[in-house]
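Build the complex: two chains, separate frames, hints provided.
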Amino acid sequence: DAGVIQSPRHEVTEMGQEVTLRCKPISGHDYLFWYRQTMMRGLELLIYFNNNVPIDDSGMPEDRFSAKMPNASFSTLKIQPSEPRDSAVYFCASRGQGGYNEQFFGPGTRLTVL
Amino acid sequence: SQQGEEDPQALSIQEGENATMNCSYKTSINNLQWYRQNSGRGLVHLILIRSNEREKHSGRLRVTLDTSKKSSSLLITASRAADTASYFCATAQTGANSKLTFGKGITLSVRP
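Sequence order for the protein chains is A and B.
If you count the first sequence from 1, position 48 lands on 48 in the working numbering, and the numbers rise without skipping.
If you count the second sequence from 1, position 28 lands on 28 in the working numbering, and the numbers rise without skipping.
Bound-form chain B, shown alone (with noise of 0.2 Å):
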C-alpha cells in the first residue's frame, strides 16, 4: 500500500493566489520529500524536510512536517501558470531510508 497519501487528489487555483497540499503517512520517517512532475517528464525534487525539522522554505515554497500526526504540507504562494503540474510526497523510512514510497500525486492547475 502507498505509505504517503496526498490530499486533495486535483486542486484548480487562480494565478496569484496560494496552494496548499497535504500528505499523511503511516510509519516513522527519516525525512519526507516533495517532488514536482510536469506532464509527460520526470519527477524533479522540490524540497526535503528531515524528522527533527517542522518547517523550510525554498523560494515560493513552504513546507511543514508533523510527526505526531504523521502528514505533511506544501504550500506554494503567488501561484503561477507554469506550476501547473502534479506534486508527490515521499517518504524516507526510518530504517530503510535508502529507498523512497511515493503517493500517487495531487494535479495542481493554475488558471491564467
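For reference, chain A alone in the conformation it holds in the complex (with noise of 0.2 Å):
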C-alpha cells in the first residue's frame, strides 16, 4: 500500500482565495482524521470521519473551514476565504475499526497564505 496520500505538498496562496487540500486514506482504514500543525499551537485535531460520516468536528476553528468525505477513498479540507493565520502544515491519517489502533500520517501540506 502507498500509505495516505494528500496532494498538494506545497500550496502558497493569496489571502482571500479558496484553498483545498485532498487525503486518499489508506484502502481499508474507517476512520480519516484532518489535523494541523504549527509552532505555537502544536497538533491539533480539526475533524475526524468514520465510515465517512463526520464524526467530531470541534476543531474546525471557524466557518470558513469545511471538510468532506464522499467515499472512502478520498476527502477534503477547505478553506474559504484564507487567511495568514491559516498558514500551517496541514495532516491527514487514517486508521482501521478496533479501539487500539495507530494511526497513519501523510506527509502533510505546507500551506502558506501571504
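Do not rely on the hints blindly, as some may be mistaken.
With a straight-line cut-off of 20 Å between C-alpha atoms, the simulated SDA-like cross-links for lysine to any residue are [what the hints assert, rightly or not]:
| no. | chain 1 | residue 1 | chain 2 | residue 2 |
| --- | --- | --- | --- | --- |
| 1 | B | Lys99 | A | Pro81 |
| 2 | B | Lys99 | A | Ser87 |
| 3 | B | Lys99 | A | Ile26 |
| 4 | A | Lys24 | B | Lys99 |
| 5 | B | Lys26 | A | Pro107 |
| 6 | B | Lys99 | A | Leu46 |
| 7 | B | Lys99 | A | Gln37 |
| 8 | B | Lys26 | A | Gly59 |
| 9 | B | Lys104 | A | Ile55 |
| 10 | B | Lys104 | A | Ser66 |
| 11 | B | Lys104 | A | Pro107 |
| 12 | B | Lys99 | A | Glu14 |
| 13 | B | Lys104 | A | His29 |
| 14 | B | Lys99 | A | Gln17 |
| 15 | B | Lys104 | A | Pro61 |
| 16 | B | Lys99 | A | Gly28 |
| 17 | B | Lys104 | A | Val89 |
| 18 | B | Lys69 | B | Asn52 |
| 19 | B | Lys26 | A | Leu45 |
| 20 | A | Lys68 | B | Lys104 |
| 21 | B | Lys104 | A | Leu45 |
| 22 | B | Lys104 | A | Ile26 |
| 23 | B | Lys99 | A | His29 |
| 24 | B | Lys69 | A | Gln97 |
| 25 | B | Lys99 | A | Ser66 |
| 26 | B | Lys104 | A | Arg110 |
| 27 | B | Lys104 | A | Gly28 |
Some residues of chain B that are not near chain A, with every Cβ distance over 12 Å (derived) [stated by the list, open to error]:
| no. | residue |
| --- | --- |
| 28 | Gly4 |
| 29 | Pro8 |
| 30 | Ser12 |
| 31 | Ile13 |
| 32 | Glu17 |
| 33 | Asn22 |
| 34 | Lys26 |
| 35 | Gly42 |
| 36 | Arg50 |
| 37 | His57 |
| 38 | Arg60 |
| 39 | Arg62 |
| 40 | Thr64 |
FYI, nobody ran anything at the bench for these hints, they're computed from the structure.
Glycine included, each C-beta is placed from N, C-alpha and C at the ideal position.
As C-alpha cells, this is what we get:
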C-alpha cells in the first residue's frame, strides 16, 4: 500500500483565496482525521470521519473551514476565504476499526497564505 | 488545552547514550501512544500501551505507563544519530478512544 496520500505537498496562496487540500486514506481504513500543526499550537485535531460520516468537528476553527468525505477513498479540507493565520502544515491520517489502533499519517500539506 | 504534556521540551545527547522522555496527561485514558516526526515529514507510530499495561518493549524502545500518576515515559536505548527527531505522546481518552490528543512534542538531538 502507498500509505496515506496528500496533495498538494505545498500550497502558496494569497489572502482571500479558496484553498482545497486533498487526502486519500489507506484502503480499508474506516477512520480519517484532519490535523493542523503549528509551532505555537502544536498538532490540533480539526475533524474526523468514521465510515465517511463526520463524527467530531469541534476542532474546526471557523466557518471558513469545511471538510467532506464523499467516499471511503477521498476527503477534502477547504478553507474559504483563506487568511495568513491559516498558514500551517495540514496532516491527514487514517486508521482501521478497533480501540487500539495506530494512526497512519500522510506527508502533510504545507500551506502558506500571503 | 493539551491532554499530553511532554518533558523535557528539548533533549540533546551523545550517540550511544539512552534518551528518556516523559509525558503527563490529565484525564482517564484507554491507551497512550508515542509517535516520531522527522523534519518535514508526517508522524510515524512507535508504540502503543494500553491502560491496563505497565510496560512494553519494542526493539530499542521501552515505554512505561503509571495511571495513578497519569504519566508515561519513553526510553530509547543506545541512541543513534538517526533517532534525531521530534517525539510526541498521544492519548486516547476513555469513552472517546477513536481520537487522539497530542502533546507539543520533544525535540531529540543525537550527536554523532
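Verification of the hints:
Restraint check for Lys99 of chain B and Pro81 of chain A: the C-alpha separation of about 28 Å exceeds 20 Å, so the hint is violated. Proposed proximity of Lys99 of chain B and Ser87 of chain A is contradicted: the alpha carbons are some 24 Å apart, above 20 Å. The hinted pair formed by Lys99 of chain B and Ile26 of chain A meets the criterion: a straight-line CA distance of about 17 Å does not exceed 20 Å. Proximity of Lys24 of chain A to Lys99 of chain B is assessed by CA-CA distance (about 19 Å); at most 20 Å being required, the pair is judged to hold.
For the hint linking Lys26 of chain B to Pro107 of chain A, the alpha-carbon distance of about 29 Å lies beyond 20 Å, and the restraint is violated. A distance of roughly 11 Å separates the Cα atoms of Lys99 of chain B and Leu46 of chain A; the hinted pair therefore holds under the 20 Å criterion. At most 20 Å may separate the alpha-carbon atoms for a hinted pair to count; Lys99 of chain B and Gln37 of chain A meet this at roughly 16 Å. Note on Lys26 of chain B and Gly59 of chain A: the hinted pairing holds, with a Cα-Cα distance of about 19 Å set against a maximum of 20 Å.
At roughly 24 Å between alpha-carbon atoms, Lys104 of chain B and Ile55 of chain A are farther apart than 20 Å, so this suggested pair is violated. For the hint linking Lys104 of chain B to Ser66 of chain A, the alpha-carbon distance of about 25 Å lies beyond 20 Å, and the restraint is violated. A C-alpha spacing of about 18 Å is found between Lys104 of chain B and Pro107 of chain A, which places the hinted pair at or below 20 Å, so the restraint holds. At most 20 Å may separate the alpha-carbon atoms for a hinted pair to count; Lys99 of chain B and Glu14 of chain A exceed this at roughly 32 Å.
Using a Cα cut-off of 20 Å, the hinted pair Lys104 of chain B and His29 of chain A is violated, with the two alpha carbons roughly 26 Å apart. Between Lys99 of chain B and Gln17 of chain A the alpha-carbon distance is near 31 Å, which puts this suggested pair outside the 20 Å criterion. Only pairs whose Cα atoms come within 20 Å are accepted, and Lys104 of chain B paired with Pro61 of chain A is accepted, the gap being roughly 19 Å. Between Lys99 of chain B and Gly28 of chain A the CA atoms are separated by roughly 18 Å; this keeps the pair inside 20 Å, and the hint holds.
Note on Lys104 of chain B and Val89 of chain A: the hinted pairing holds, with a Cα-Cα distance of about 14 Å set against a maximum of 20 Å. About 14 Å separates the Cα atoms of Lys69 of chain B and Asn52 of chain B, which keeps this hinted pair within 20 Å; it holds. A hinted pair counts as satisfied when its Cα atoms are at most 20 Å apart, and Lys26 of chain B with Leu45 of chain A qualifies at roughly 18 Å. With a C-alpha separation of about 27 Å, the suggested pairing of Lys68 of chain A with Lys104 of chain B is violated against the 20 Å cut-off.
The suggested pairing of Lys104 of chain B with Leu45 of chain A holds, with an alpha-carbon distance near 13 Å, which does not exceed 20 Å. Restraint check: the Cα-Cα separation between Lys104 of chain B and Ile26 of chain A comes to about 26 Å, which exceeds 20 Å; the hinted pair is violated. A distance of roughly 14 Å separates the Cα atoms of Lys99 of chain B and His29 of chain A; the hinted pair therefore holds under the 20 Å criterion. Of the supplied pair hints, the one linking Lys69 of chain B and Gln97 of chain A is violated, its CA atoms being roughly 29 Å apart against a limit of 20 Å.
For the proposed pair Lys99 of chain B and Ser66 of chain A, the alpha carbon gap of about 19 Å is at most 20 Å, so the pair holds. Distance restraint check for Lys104 of chain B and Arg110 of chain A: the Cα-Cα separation of roughly 18 Å lies within the 20 Å cut-off, and the hinted pair is therefore satisfied. Of the supplied pair hints, the one linking Lys104 of chain B and Gly28 of chain A is violated, its CA atoms being roughly 30 Å apart against a limit of 20 Å. Here Gly4 of chain B does not stay apart from chain A, with its beta-carbon only about 10 Å from theirs, under the 12 Å limit.
Here Pro8 of chain B stays apart from chain A, with its beta-carbon at least about 15 Å from theirs, past the 12 Å limit. For Ser12 of chain B, the non-interface assignment is confirmed: its Cβ lies about 19 Å from the closest Cβ of chain A, beyond the 12 Å cut-off. For Ile13 of chain B, the shortest C-beta to C-beta distance to chain A comes to about 23 Å, beyond the 12 Å cut-off, and the non-interface label holds. Once the 12 Å rule is applied to beta carbons, Glu17 of chain B is consistent with being away from chain A; the minimum gap is 27 Å.
A cut-off of 12 Å between C-beta atoms confirms that Asn22 of chain B is not in contact with chain A; the least separation is 17 Å. For Lys26 of chain B, the requirement that its beta carbon stay farther than 12 Å from each beta carbon of chain A is met, with the minimum near 15 Å. Its closest Cβ contact with chain A, about 3 Å, brings Gly42 of chain B to no more than 12 Å, contrary to its assignment away from the interface. For Arg50 of chain B, the condition that its CB be more than 12 Å from all CB atoms of chain A is violated, with the nearest at approximately 6 Å.
Look at His57 of chain B: its CB is around 17 Å from the nearest CB on chain A, clear of 12 Å, so calling it non-interface holds up. Listed as outside the interface, Arg60 of chain B is consistent with that label: its C-beta sits roughly 18 Å from the nearest C-beta of chain A, beyond the 12 Å cut-off. Under the 12 Å C-beta cut-off, the non-interface status given to Arg62 of chain B relative to chain A holds; the minimum distance is some 18 Å. Separation of Thr64 of chain B from chain A is adequate, the least Cβ-Cβ distance of about 17 Å exceeding the 12 Å criterion.
Violation of the numbered hints given earlier is confined to hints 1, 2, 5, 9, 10, 12, 13, 14, 20, 22, 24, 27, 28, 35, 36; the remaining hints are satisfied by the structure.
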